[in-house]
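Asks: The chain contents come next:
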Amino acid sequence: MKKHILDMRLMANVQLHSAYALMKFVPVEGELPAMLPGQFAEVRIDDSATTYLRRPISIHNVVNNELWLLVRRAGAGTDKLASLAEGAVVNMVLPLGNTFTMPTDKNMRPLLIGGGVGVAPLLYWGKELAKQGIRPAFLLGARSDKDLLQLPEFEAVGDVYLSTEDGSAGEKGFVTQHSVLNESFSYIYTCGPKPMMQAVARIARAHNIACEVSLENLMACGVGACLCCVEDTVEGHVCVCKEGPIFNIDRLKW
Amino acid sequence: MVDLSVKIGNLGLKNPVMTASGTFGYGLEFADFIDLSRLGGIIVKGTTLNHREGNLYPRMAETPSGMLNAVGLQNKGVEYFAEHIYPQIKDIDTNMIVNVSGACIEDYVATAERIASLDKIPAIELNISCPNVKQGGMAFGTSCDGAASVVKAVRKVYPKTLIVKLSPNVTDIASIACAVEAEGADSVSLINTLMGMSIDAERRRPRLSTITGGLSGACVKPVALRMVWQVAKAVKVPVIGLGGISSATDAIEFLLAGASAIQIGTANFIDPAITVKVVDGIEEYLGRHGFKSVGEIVGALEV
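Each protein sequence line maps, in turn, to chains A and B.
Per my numbering: the first sequence = residues 1297 to 1550.
Per my numbering: the second sequence = residues 7 to 309.
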């Protein structure tokens, strides 16, 4: 899949709450190139004294010619990005990385587990599954109800189960404690904080369910050149940006 | 039309713009963004005799206008390179140069010999300046005797263009440059990364698994420029300048300071198409100032 360096215009910047922004971009010129769920963009942050490198951001959704990114204000760089005014032009390198594995059997029931801003790539992936005739179930977790992001969007695509640490929405506790995990699933896809994904991977292993995770290691180049973002896998150190960010848990040393 | 071609020893470059080892993969990673044949040369990832897994994650920390890395020469070894990577890159229409590193002199020699047998690799860059490995690397590049001993041994087995990459983590870089020139190096490239460190105060821990790492990016440019200027005055062989070059203007500053060619490194991460923009920018500068060839501005600093 050809990678591009594109100037993108910010058409809408919706502050979902103090920590998250939903940002919708269109190319300044031409059409949005083809991109797959699970892939990411390396976003340049201009005019920041402390931010030198691009920031890798998951592709949250593609709607016609519009690219949606869900940005968490995690530091000075993403804070600057999430604060941009509509009309701003942002340079991106995209699409980067690999994609999720499509289940082979249309009758399979996949569970997509997201925590915090980790829900971002699961919307686009859920839409792709639905397009192939596979109805996804989403299990979305957050600290409290106000941290649950994009619920109407997820509900339009599949069944949604919620868990919050304070019990303000869905079941109280972590996603890994949710009762829906007692049901039968044939594939689990997960993205979120590493401890959450590791706990999900343990459950998948215990129930012999195929499982893919989306990793978020610190990155510089985004194209497999600098070897900074490596994950220690059964094949040795591999670049998350190029061989990932999606990994089957069988490749990981978790 | 201005003449952008330069010579490094017997090696002809169509223009003075190369890519720095470890920042451009094997070139293929950037083929979607630029026409690789427009470059003067591509210096591929540091290659060692045997497979190396490199250092543990985390290996990178962002710093103001730069970054620290501690990759530690991760690569699959020279035999893997020769058998699996070389066939993919040998027909790229530019100088494909291999950066060679080792833990001991025998490793450097064996690796250089194997690379010498590959027809389409016209030069090596001897890395005696990696700050991220426990053995070899910078240990050779921080003393005149150490640097000279590696170059002397490799020179005996390597007949093609031999570039030696120097460490800035020394008191007097010009004396090291003179020592490797005396042993037959065809060129010196500088600077490798500067030793640095970053701490996460909240967690009271280093940000790199190795605690210290190598600093690169725009922030190192003034140091690199000063060292290139010092070395260019001290040696007769061509100097290749690198360190924070992020624009054509930066590249021209290095040429004026005495570099015959330049390498672009960390800036490839910020703009994957920066190299060809620098080629175009140098050409535009030469035309605007009435120079007929890039050689006219090498060392043309007026003081």
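Be aware that one or more of the hints could be misleading.
SDA-like, lysine to any residue: derived pairs with alpha carbons at most 25 Å apart [what the hints assert, rightly or not]: (1) K140(B) with A240(B); (2) K96(B) with M1297(A); (3) K82(B) with E1539(A).
Keep in mind that the hints were calculated from the coordinates and are not lab data.
Asks: Against this structure, judge whether each hint is valid.
Replies: Against the structure, the hints come out as follows:
1. K140(B) with A240(B): Violated, at roughly 30 Å.
2. K96(B) with M1297(A): 23 Å, holds
3. K82(B) with E1539(A): Given pair K82(B), E1539(A) holds - Cα atoms ~16 Å apart, limit 25 Å.
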